[in-house]
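Heads up: the sequence lines are chains G and V, in that order. The opening position of the first sequence corresponds to residue 1 in our numbering, with each subsequent residue numbered one higher. The opening position of the second sequence corresponds to residue 1 in our numbering, with each subsequent residue numbered one higher.
Treat the hints with care, since some could be wrong.
Label pairs and their calculated CB-CB ranges [stated by the list, open to error]:
(1) V:P187 / G:P187: 41 to 47 Å
(2) G:R158 / V:E22: 29 to 35 Å
(3) V:E45 / G:S131: 25 to 31 Å
(4) G:E85 / V:G51: 25 to 31 Å
No farther apart than 25 Å at their CA atoms in a straight line, the calculated lysine-lysine pairs in the DSS-like style are these [claimed, not checked]:
(5) G:K204 / V:K204
(6) V:K64 / G:K149
(7) V:K149 / V:K204
Sample of chain G residues lacking proximity to chain V, with all beta carbon distances greater than 10 Å (derived) [as the list claims (entries may be wrong)]:
(8) R14
(9) E19
(10) A24
(11) M32
(12) G51
(13) Q84
(14) D88
(15) R146
(16) D160
(17) P187
(18) H192
Read the hints as simulated data drawn from the structure, not as lab findings. Predicted, not measured: the structure shown is a model, and the values here were computed from it. Where is the CB? At the ideal position from N, CA and C, for every residue including glycine.
Protein chains: 2
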Amino acid sequence: MRKAQTAVSASKTRRERVELKEEAIVDVAYEMFLERGYAKTTIAEIARRSGVADGTVYLYFQNKEAVARAVVASFYIRLTRQAQEGVDELTSIADRLRFLARHHLENVMNERRILEMLPFFEFAVESYDGSELFQMNKAYVTVFDRVAKDGISAGDIRKDLSLWALRDVFFGAMEYGARTMLIKNRPGDLDHFIDNLMRLVVIKNAAAAGSDAAAQLASITQRLEAAASRIEKAAGKIR
Amino acid sequence: MRKAQTAVSASKTRRERVELKEEAIVDVAYEMFLERGYAKTTIAEIARRSGVADGTVYLYFQNKEAVARAVVASFYIRLTRQAQEGVDELTSIADRLRFLARHHLENVMNERRILEMLPFFEFAVESYDGSELFQMNKAYVTVFDRVAKDGISAGDIRKDLSLWALRDVFFGAMEYGARTMLIKNRPGDLDHFIDNLMRLVVIKNAAAAGSDAAAQLASITQRLEAAASRIEKAAGKIR
DNA sequence: ATTTATAATGAAGATTGCTCATTATCGACA
DNA sequence: TGTCGATAATGAGCAATCTTCATTATAAAT
Chain G
1 MRKAQTAVSA
11 SKTRRERVEL
21 KEEAIVDVAY
31 EMFLERGYAK
41 TTIAEIARRS
51 GVADGTVYLY
61 FQNKEAVARA
71 VVASFYIRLT
81 RQAQEGVDEL
91 TSIADRLRFL
101 ARHHLENVMN
111 ERRILEMLPF
121 FEFAVESYDG
131 SELFQMNKAY
141 VTVFDRVAKD
151 GISAGDIRKD
161 LSLWALRDVF
171 FGAMEYGART
181 MLIKNRPGDL
191 DHFIDNLMRL
201 VVIKNAAAAG
211 SDAAAQLASI
221 TQRLEAAASR
231 IEKAAGKIR
Chain V
1 MRKAQTAVSA
11 SKTRRERVEL
21 KEEAIVDVAY
31 EMFLERGYAK
41 TTIAEIARRS
51 GVADGTVYLY
61 FQNKEAVARA
71 VVASFYIRLT
81 RQAQEGVDEL
91 TSIADRLRFL
101 ARHHLENVMN
111 ERRILEMLPF
121 FEFAVESYDG
131 SELFQMNKAY
141 VTVFDRVAKD
151 GISAGDIRKD
161 LSLWALRDVF
171 FGAMEYGART
181 MLIKNRPGDL
191 DHFIDNLMRL
201 VVIKNAAAAG
211 SDAAAQLASI
221 TQRLEAAASR
231 IEKAAGKIR
């Protein structure tokens, strides 16, 4: 019993060092993949920059792909945490959605090379469904899903789309939008794109001027008020 | 003069053979990249299946990446031609847009491995802008752009989005939608997704039955006005 | 038929992912 | 504190693959 415990605590310190080294490797790999992309990043240099031998990397990761997966995983963890934190600090559905859009866009644009590696693994894994990265992606989009569901039931988000389609529109649009904005680098495009995206998803406030729906409502209201006046007159005659 | 001409025609037959061989290599490479993806496809086997030596491939293409670019280019050429043909056969904006969506989704889902290679080149090229693939992508989305512009001026497509944002939403949404549909392979999802996408972009005809908000409001207004009229009549009788 | 330019070859070089026999390190225990 | 065993780390070498280039083959021109 005591023997087992000491063994555990002893191996734990070793473990801690091991895990620190693992983190160091992932951090170095993250930088390199971000700078050069997957193909041009070599295990040899990851090892060199991490201060270990080539072979040591393979004590921690099955192969180069596994290193890249760990890098993407660390990206998702941060992305998800930041997304949730941002959502928690805001109250209205529109603000939350807008934050998620900006947050995602900025990250996709800055860490593009990291995300570029994803398609490589997704279908390489026999069943992506169930894989670690699939779970992380799921956790990330769940932050959006919760906001979307709230928005739909509150009437702030259009409810004529299924949730999965809405989600794919939201994130897919940003993927392409980010690409376009990176290619033609015009200031102000980010806000413009987010506005456009919100316009698609968020239901406009009827009080807002210029919207077709608002105009219709105004017209309807006038007609109803006219009808009410007629009724009032009629009632007056009755009296 | 005559000498030059014979030289040209002579070199032309040679050229023709050369170009046939180039096409053969691209065709073989297309199959292999589609089956196995970029990394697991070797130049050696492309050469073998094409009936040439390894080195011969490098007479036609600078390197493996250039082979892959040629493959993607051939994909874009077909995609663009089919898209334009389909659009030409249809008349209404909604039909055309729906066709483009289905066409794109089917191709993205079937030839995913080919498109997966794109991100690899895009930013590897010093300026993607101006590259061959950029031009081909541009030609392809131009088919959409023309339909979208027509639709916007005709009032069939919402005009509160800029064209580039609309385009990125359209294609980006499909990229993600395709991925989702491939992962969870449920029948009927394709039509469902296209419906959802159309709902976002195409302006509903107010005259169409079942269009919710506007029609409902109109109906309610009519009923209220009718009620007002009955009250008026009743008041008249009273008097 | 000879010459010359073009096309093709495939062995060798270079890079890089990955393995494994060997060495080093660290904690436990007497 | 010194020894031992398990765990961790090493890096030379293997294997796979992209790419080059000296050599050979082919086809057109004269």
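Going back to the hint list, which numbers does this structure go against? When the structure is compared with the hints, numbers 2, 4, 6, 16, 18 turn out to be violated.
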